Amino acid sequence: QQQVKQSPQSLIVQKGGISIINCAYENTAFDYFPWYQQFPGKGPALLIAIRPDVSEKKEGRFTISFNKSAKQFSLHIMDSQPGDSATYFCAASLNDMRFGAGTRLTVKP
Amino acid sequence: SQTIHQWPATLVQPVGSPLSLECTVEGTSNPNLYWYRQAAGRGLQLLFYSVGIGQISSEVPQNLSASRPQDRQFILSSKKLLLSDSGFYLCAWSVGSPLHFGNGTRLTVT
Numbered sequence: 001q002q003q004v005k006q007s008p009q010s011l012i013v014q015k016g017g018i019s020i021i022n023c024a025y026e027n028t029a030f031d032y033f034p035w036y037q038q039f040p041g042k043g044p045a046l047l048i049a050i051r052p053d054v055s056e057k058k059e060g061r062f063t064i065s066f067n068k069s070a071k072q073f074s075l076h077i078m079d080s081q082p083g084d085s086a087t088y089f090c091a092a093s094l095n096d097m098r099f100g101a102g103t104r105l106t107v108k109p
Numbered sequence: 001s002q003t004i005h006q007w008p009a010t011l012v013q014p015v016g017s018p019l020s021l022e023c024t025v026e027g028t029s030n031p032n033l034y035w036y037r038q039a040a041g042r043g044l045q046l047l048f049y050s051v052g053i054g055q056i057s058s059e060v061p062q063n064l065s066a067s068r069p070q071d072r073q074f075i076l077s078s079k080k081l082l083l084s085d086s087g088f089y090l091c092a093w094s095v096g097s098p099l100h101f102g103n104g105t106r107l108t109v110t
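Line by line, the protein sequences give chains A and B. Sequential numbering of the first sequence, starting at 1, is according to the working numbering. Sequential numbering of the second sequence, starting at 1, is according to the working numbering.
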């Protein structure tokens, strides 16, 4: 049962562009929505997270936009850099964490 | 600060051999502990989670088992490995939110 759907599967962006990754969830009881960044051969690392009582959270170049009524949230990476090339996972949590399938982001110089 | 240690980093094992992967967490007490598997180019599949010593919940039936002999130690085992057990195994811990992952073990079954 896929509770968190993530798109796109892969994304190529030019340096300086905006990367946008989208996620949709099913369970309205989820109360925590993190994004993880994973580099090859490493474990995922928490990037940014949001709770459903706010519609947007920004940390540096990374922003989460959250739409509770649509049950969707997205990650925006402004001024994308080659060092941002990684796999990104969205997740939703209540008592345990459910992950999206991941998006492989490539930022071309 | 909290840290998580996972070893070995890479492992090549023949089909039918046993497996033992170990994970330890430092700097926190009574964490929830998790084992995830990540197939090549794919998402994270939750295998086991534990809310306390000796308490193990399994998400999917499989060839693997988990044990938690101490508060901050989590072990993933198999008596006989299958080719399909190849993958990237990740240990994680949490106290509330969020999850914190180790650097994983790359297991190749030949």
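In case anyone wonders, no lab produced these hints; they're calculated from the structure. Keep in mind it's a predicted model, so treat the numbers as computed, not measured. A couple of the hints might just be wrong.
For each label pair, taking beta carbons as the anchor points, the in silico distance ranges come out as [claimed, not checked]:
{"no.": "1", "chain 1": "B", "residue 1": "S65", "chain 2": "A", "residue 2": "N95", "range": "19 to 29 Å"}
{"no.": "2", "chain 1": "A", "residue 1": "Q81", "chain 2": "B", "residue 2": "G16", "range": "26 to 36 Å"}
{"no.": "3", "chain 1": "B", "residue 1": "S17", "chain 2": "A", "residue 2": "Q81", "range": "24 to 34 Å"}
{"no.": "4", "chain 1": "B", "residue 1": "N30", "chain 2": "A", "residue 2": "Y32", "range": "14 to 24 Å"}
{"no.": "5", "chain 1": "A", "residue 1": "K57", "chain 2": "B", "residue 2": "S17", "range": "38 to 48 Å"}
{"no.": "6", "chain 1": "B", "residue 1": "I53", "chain 2": "A", "residue 2": "Q14", "range": "46 to 56 Å"}
{"no.": "7", "chain 1": "A", "residue 1": "P8", "chain 2": "B", "residue 2": "Q62", "range": "44 to 54 Å"}
{"no.": "8", "chain 1": "A", "residue 1": "P8", "chain 2": "B", "residue 2": "A40", "range": "13 to 23 Å"}
Computed far set for chain A versus chain B, every beta-carbon distance over 10 Å [what the hints assert, rightly or not]:
{"no.": "9", "residue": "I12"}
{"no.": "10", "residue": "L46"}
{"no.": "11", "residue": "K57"}
{"no.": "12", "residue": "K58"}
{"no.": "13", "residue": "G60"}
{"no.": "14", "residue": "F66"}
{"no.": "15", "residue": "N67"}
All residues carry an ideal CB built from backbone N, CA and C; glycine is no exception.
Status of the hints after comparison with the structure:
1. B:S65 / A:N95: 19 to 29 Å: Hint holds: Cβ distance 22 Å, inside 19 to 29 Å.
2. A:Q81 / B:G16: 26 to 36 Å: violated, 46 Å
3. B:S17 / A:Q81: 24 to 34 Å: violated, 43 Å
4. B:N30 / A:Y32: 14 to 24 Å: holds, 20 Å
5. A:K57 / B:S17: 38 to 48 Å: holds, 46 Å
6. B:I53 / A:Q14: 46 to 56 Å: holds, 51 Å
7. A:P8 / B:Q62: 44 to 54 Å: Distance hint for A:P8, B:Q62 is violated at roughly 30 Å.
8. A:P8 / B:A40: 13 to 23 Å: With Cβ atoms ~19 Å apart, the hint holds.
9. I12: holds, 16 Å
10. L46: With a cut-off of 10 Å, A:L46 comes too close to chain B, as the shortest Cβ separation is near 5 Å.
11. K57: Consistent with the label, A:K57 stays out of reach of chain B, its closest Cβ about 14 Å off (over 10 Å).
12. K58: Non-interface label stands for A:K58: nearest chain B Cβ at 18 Å, farther than 10 Å.
13. G60: With a cut-off of 10 Å, A:G60 remains clear of chain B, as the shortest Cβ separation is near 18 Å.
14. F66: holds, 15 Å
15. N67: holds, 20 Å
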